[in-house]
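J.: Each chain, written out:
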Amino acid sequence: MIRLSRRRLIGSLGAGAGGLLLSGCDRIGASQTGQALLDLGEKATFSAQRIVTDRAALAPEYAASDMSPFFRTNGNRDPGTPEYAAHVADGFADWRLAVDGLVARPLSLSLTQIRNLPRRTQITRHDCVEGWSAIGQWTGLPLGMLLKQAGLRSSARYIVFHCADSFGSRPYYESIDLIDAFHPQTILAWAMNGQTLDVGHGAPLRLRVERQLGYKQAKYVMGVEAVASLAGIGGGKGGFWEDVSGYQWYAGI
Amino acid sequence: MAEQLSTPEGGDIVYRHRLPVRLWHWANAVAVFVMLMSGLMIFNAHPHLYWGQYGANYDHSWLDITPGHLRIGPLTIPTPHVLGVRAGGRIVAFPPWATLPSHYDLAGARQWHFAFAWLLVVPGLCFLLWGFVRRHFWRDLAPSRAELTPRHLWHDVRDHARLRFPTGEAARRYNILQKIAYGTVIFVLLPGVVLTGLTMSPSMDAAWPWLLDLFGGRPSARSIHFLCAMGLAAFILIHLLMVVLAGPINEVRSMITGRYRLPREKAE
Chain A
1 MIRLSRRRLI GSLGAGAGGL LLSGCDRIGA SQTGQALLDL GEKATFSAQR
51 IVTDRAALAP EYAASDMSPF FRTNGNRDPG TPEYAAHVAD GFADWRLAVD
101 GLVARPLSLS LTQIRNLPRR TQITRHDCVE GWSAIGQWTG LPLGMLLKQA
151 GLRSSARYIV FHCADSFGSR PYYESIDLID AFHPQTILAW AMNGQTLDVG
201 HGAPLRLRVE RQLGYKQAKY VMGVEAVASL AGIGGGKGGF WEDVSGYQWY
251 AGI
Chain B
1 MAEQLSTPEG GDIVYRHRLP VRLWHWANAV AVFVMLMSGL MIFNAHPHLY
51 WGQYGANYDH SWLDITPGHL RIGPLTIPTP HVLGVRAGGR IVAFPPWATL
101 PSHYDLAGAR QWHFAFAWLL VVPGLCFLLW GFVRRHFWRD LAPSRAELTP
151 RHLWHDVRDH ARLRFPTGEA ARRYNILQKI AYGTVIFVLL PGVVLTGLTM
201 SPSMDAAWPW LLDLFGGRPS ARSIHFLCAM GLAAFILIHL LMVVLAGPIN
251 EVRSMITGRY RLPREKAE
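As given, the protein sequences belong to chains A and B, one line each in that order.
Read in full-length UniProt numbering, the first sequence has 141 at position 141, and its numbers run on one by one without any break.
Read in full-length UniProt numbering, the second sequence has 158 at position 158, and its numbers run on one by one without any break.
It is worth saying that the hints were derived from the structure and are not from the lab.
If you're wondering where the values come from, they're calculated on a predicted model, not measured in any experiment.
Heads up, some of the hints might be wrong.
Output of the computed footprint for chain A on chain B, the stretches with three or more beta carbons under 8 Å from beta carbons of chain A [claimed, not checked]:
id: 1; region: 68-77
id: 2; region: 130-140
id: 3; region: 149-157
Just a few of them, taken from the derived set where beta-carbon distance is under 10 Å, the chain A residues facing chain B [said to hold, decoys possible]:
id: 4; residue: 37
id: 5; residue: 54
id: 6; residue: 212
Glycine included, C-beta positions come from ideal geometry on N, C-alpha and C.
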């Protein structure tokens with residue numbers, strides 16, 4: 001009796017699995033239950049990574065000889081707005097970075113002020129979600145220092161980056177949690193490979209949040225906002241590609 | 001296990017696969033298919049492979065799938081209507097029937113891939129633990145010295161090529177080609193895909209930098225990941241072919257209930 005029921009159980013599990021594969025995984029992925037299951041897997045992976053990895057672990061840094069001979073540009077290569085073009089024309093002299101939201105002292109900093117603040121230079125690997133990698137050198141202001149200067153309120157949970165570029169009418173934005181925001185390698189880079197950051201790579205300021213994928217490395221950063229929740233910002237999923245294409249908010253994987 | 005007391009012969013039903021083996025087999029059957037198909041979709045996002053610490057469009061790739069062509073090193077193979085095909089208004093390396101989701105959806109494929117990775121890894125680790133503790137690997141998978149002699153190997157290869165499969169008592173145990181194939185899958189290809197998969201995670205690279213040392217960089221890990229996956233796909237093809245040739249009902253039943261009817265000796 002036991003054997004028979006076990007046999008039946010395993011048999012139906014096998015048949016169910018076959019059906020799952022053959023009857024259209026697309027429909028499962030599109031269904032609410034299927035999506036909930038996949039979301040569960042994503043949460044499990046995120047949690048597992050945060051549990052097994054040291055939150056302060058540094059992304060690998062490379063020697064100058066390891067750098068990509070050519071670091072490709074992708075995504076938006078130029079915001080293409082008249083305002084941005086004007087900034088480029090005058091060398092970003094009037095450009096300012098706003099630091100606001102849940103902070104004690106909102107800031108508005110010029111590029112010169114930012115360049116005079118402490119800097120960190122690192123040669124790191126940029127990993128695109130599509131699968132390619134490039135190694136480049138970045139110099140910039142550690143984000144944690146900026147946030148300390150602005151005085152983060154205790155209700156702040158995420159840091160949102162507002163960008164000068166947009167795809168159609170959707171402005172590019174990204175967000176990270178405080179673990180990554182205060183990570184020593186998370187910088188607002190203003191130089192790349194020993195040169196002032198160029199337009200293609202995100203002039204005048206670009207986020208480098210090493211340990212996450214390329215779509216987190218927001219270019220053309222105009223504003224840094226501390227928030228308690230990501231709801232109500234853009235599509236509410238925490239970033240442009242998260243809203244538009246369903247990319248995972250946690251891009252450490 | 002009364003049937004083990006006397007020597008079984010062709011036609012006897014023997015208990016062949018224990019429950020952990022069967023459970024793990026079917027969990028893998030689901031997981032590996034989802035991983036392979038969603039993996040092909042992820043590959044479609046950048047159908048080039050590199051060796052080393054970096055690799056992007058302008059860098060030297062060792063494998064490309066471009067419209068209608070597969071290039072491996074200096075070798076270019078035309079692949080019209082198979083690889084590098086037009087689908088949904090774009091060129092994709094692997095065609096929609098082979099990918100999950102079937103339309104171009106990198107984010108969706110990543111979700112499938114990482115969710116079902118749990119189904120690959122958790123039962124896999126349990127199975128490894130069980131296999132070592134209960135000595136399954138030593139008893140059933142480790143080849144004996146005699147089996148590894150070139151003479152014996154060649155004999156088994158010839159028998160397989162002639163579709164002469166072991167019968168009677170000899171069919172109770174894995175033959176040397178099965179041992180090599182299953183051993184490669186369990187100890188090389190599956191750990192290979194898992195570890196190289198972790199190496200592609202930028203945050204795992206920070207936490208476990210030895211992964212990069214082990215595989216020689218993220219682009220190398222991506223290449224090895226792909227090669228291991230292709231190895232698994234090749235194994236599955238041969239495995240399914242063997243199941244069909246060896247008697248699919250008996251084989252599938254034995255993997256569901258554990259009970260296997262030993263093939264009868266053919267009259268010469």
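J.: Take the hints in turn and mark each one as holding or not.
T.: Here's how the hints hold up against the structure:
Restraint check on the region 68-77 of chain B versus chain A: 0 residues with Cβ-Cβ distances below 8 Å, three needed, restraint violated. With a cut-off of 8 Å between beta carbons, the region 130-140 of chain B has 0 residues touching chain A; three or more are needed, and the interface restraint is violated. With a threshold of 8 Å between beta carbons, the proposed coverage of the region 149-157 of chain B by chain A is violated, since 0 of its residues qualify and at least three are required. For residue 37 of chain A, the interface hint holds, the least distance from its beta-carbon to any beta-carbon of chain B being 7 Å, beneath 10 Å.
Of the supplied interface hints, the one on residue 54 of chain A holds, with its beta-carbon coming within about 6 Å of a beta-carbon of chain B, less than 10 Å. Using the Cβ-Cβ criterion of 10 Å, the hint placing residue 212 of chain A at the interface with chain B is satisfied: the shortest such distance is roughly 6 Å.
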